[in-house]
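Chemist: Okay, here's what each chain looks like letter by letter:
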Amino acid sequence: MSENSDNNSYWSANIRTIQICLVIWALVSFGFGILLRPLLSGISVGGTDLGFWFAQQGSILVFLALIFFYAWRMNKLDAEHGVEE
Amino acid sequence: MDQFTVNLLFVGASFALYIGIAIWARAGSTSEFYAAGRGVHPVTNGMATAADWMSAASFISMAGLIAFTGYDNSTYLMGWTGGYVLLALLLAPYLRKFGKFTVSEFIGDRFYSPTARLVAVICLIVASTTYVIGQMTGVGVAFGRFLEVSNDTGLFIGAGVVFAYAVFGGMKGVTYTQVAQYCVLIMAYTIPAVFISLQLTGNPIPALGLFGDHVASGEPLLAKLDQIVRELGFNEYTAHHSDTLNMVLFTLSLMIGTAGLPHVIMRFFTVPKVSDARWSAGWTLIFIALLYLTAPAVGAMARLNITEQFWPNGTSGEAVSVETIENDEAYAWMGTWQKTGLLGWEDKNGDGKIQYYNDANAAMQEKATANGWEGNELTNFNRDILVLANPEIANLPSWVIGLVAAGGLAAALSTAAGLLLAISSAVSHDLLKGQLTPNMSEKSELMSARIAMAVAIAVATYLGLNPPGFAAQTVALAFGLAAASIFPALMMGIFSKRINNKGAVAGMLVGLLVTLLYIFLHKGWFFIPGTNSFTDADPLLGTIQSTSFGAVGAVLNFATAIIVSKMTAAPPKEIQDLVESVRVPRGAGAAVEGH
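Each protein sequence line maps, in turn, to chains Z and F. 516 is the number of the first residue of the first sequence in the numbering used here; add one for each residue after it. 7 is the number of the first residue of the second sequence in the numbering used here; add one for each residue after it.
Excised from the complex, chain Z in its bound form (with noise of 0.2 Å):
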């Protein structure tokens, strides 16, 4: 009963991350690169605007953040809760 109560925490620790994950995922590709760009025409990179560099650049570099973030966290989850391999 004991484990089973400590893999639901640890179930739901995962959905929280993957939840914050998912939402900064939209924000930069469908946020940042295409509905919200002309809310950041006014900042200007390289002879155009943020939100270009965002479609072609910026949110592939947040994209590889996000990974590695999730299996750094993850795998610290893991041994918190004792579920390691």
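A few of these clues could be false.
On the chain F side, residues computed to face chain Z include the following (Cβ under 10 Å) [claimed, not checked]: (1) Ile72; (2) Phe74; (3) Met84; (4) Leu214; (5) Pro226; (6) Ala245; (7) His247; (8) Ser281; (9) Lys579; (10) Glu580; (11) Ile581; (12) Leu584.
Since the hints were made in silico from the structure, they are not lab data. Think of the CB as a built atom: it goes at the ideal place given N, C-alpha and C, for glycine as much as any other residue.
Position chain F relative to chain Z; hints supplied.
Modeler: Frame of chain Z, contents of chain F only:
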């Protein structure tokens, strides 16, 4: 030494390397054939997955689509990288914990239903076959140019090479070969980009050069590009012109599709531990990002170079003359590409010059009439040739051109081989051995795997002769199909205990069939040209093009599965326990073959 010989040397040497590795690590047993044992390090696995993933679409086609459209085609960049976030967070670690060889085994077990497994296999085969058609388009372009023959002849030769390659390799051969292929293709992509970036911006890193200053004019590169394409009546490069809804759906469709493609997911079954599956997705994306951060620079710089070649005296000066094109060394690339049938020009007004401009633009039309121009004289510039022609256009040394030819072939071949493996394992392992003839011997399983490969490549070659779009566009259709069918079933299988067998089967069928129907209505039934009822310029539903429909299909899949599951009995206790167990890494162990 002429260019043809140099290309031959580079392509020959790279092939000798791949074949050498394939022989050295030849697949023995069936389990090696599918998943290469389990001793693959996350970094090695990431590199091999990156080679497997970056296909003709990424290498040959994508920068060309960006070059001629600009900002609007950023969708490819975000879509094909953003999918890795979904893969790393939502699928890879759990599927590794589950510990079987194929995606359809997971679906069959989780939804305790041979029907679910069968439907998953069909979804995989449909998506992978569409994907191979796109690859064959790229293979045709690359072989056509490299052997200096027509596109169709290049396609037939390429098909033979891909087949031989996949049959002899198996995945073990393919894993280590793909590490070598990654190295070749990333060098082939970045080295010419570095040269061009130095020429245009003085910055050796193309990704930074893109946002740097254009040396010749002193203006920012992108501002300069915007200005000259505007003067020729084209859309401004950095501006947003396409429909926003379609752009969002297309990006989403590529992202979800990435996380639903069997040949990519399969890679995460081959790492030793669950934590390795998480890191592996990150390593894969690092290796992919090296190309994807360079691609937008390649596109923008190539567009600038091409435009300046046609307007050597600026857009208000004289256009390049036919005589120069035919005789000047700097224009030799036009002659060689003309042979493939993918590049064409015509002096319509007979003034001895080739005017390249947008004749569909009304404002430009006035200027054209005043100057005596009778239409755009660059009559054909296939987007798929841009990356391969790029080093020639920029007048780079011949060894760089040879390297690019080798890289283009590596990209197309590695992915085509990986897909053929996914198709053959779906047919022989899941369909025949899993369902129809469970007592099949290992030997006949391998044989049927090879027959499946031969059939798949024959179909793809036939359809590749009249492809439904440029390589990257056809590949985007495959992603739409994977997004609509496989990804929702996998995700719900892990994140919901309530989705049952009937819900999953109904969801996958609705997602696959509706998306397939939408694609066939726009691209022709079974991609046969002329049998379509709508076009992507004027699609059936609002502004949603067939390449973007995968996201809609995925939503329909989720909705159907949830509704049907709610109306029918919950999954049995042991299935709910199975879901609990894939959620925690402990006890992963080695994967086992299950039927």
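Chemist: Now tell me if each hint is right for this structure.
Modeler: The hints, checked one at a time:
With 10 Å as the threshold, the beta carbon of Ile72(F) comes within range of chain Z, its nearest partner Cβ sitting at about 8 Å, so the hint holds. Here the hint on Phe74(F) is broken, as its CB sits about 15 Å from the closest CB of chain Z, past 10 Å. Hint on Met84(F) holds. Least Cβ distance to chain Z is approximately 5 Å, under the 10 Å limit. The criterion of a C-beta within 10 Å of any C-beta in chain Z is met by Leu214(F), whose closest approach is roughly 9 Å, and the hint holds.
This hint holds: Pro226(F) has a C-beta 3 Å from the nearest C-beta of chain Z, less than the 10 Å allowed. For Ala245(F), the suggested interface contact is upheld, since its CB lies about 9 Å from the closest CB of chain Z, less than 10 Å. Proximity of His247(F) to chain Z is violated relative to the hint, the smallest CB-CB distance being about 13 Å (cut-off 10 Å). For Ser281(F), the suggested interface contact is upheld, since its CB lies about 5 Å from the closest CB of chain Z, less than 10 Å.
Proximity of Lys579(F) to chain Z is violated relative to the hint, the smallest CB-CB distance being about 14 Å (cut-off 10 Å). A hinted interface residue such as Glu580(F) counts as satisfied when its beta carbon comes closer than 10 Å to some beta carbon of chain Z; here the least separation is about 16 Å, so the hint is violated. Hint status for Ile581(F): violated, given a least beta-carbon distance of 17 Å to chain Z, over 10 Å. With its C-beta approaching chain Z no nearer than about 14 Å, Leu584(F) sits outside the 10 Å limit, and its interface hint is violated.
The structure fails hints 2, 7, 9, 10, 11 and 12 (numbered hints given earlier, in ascending order).
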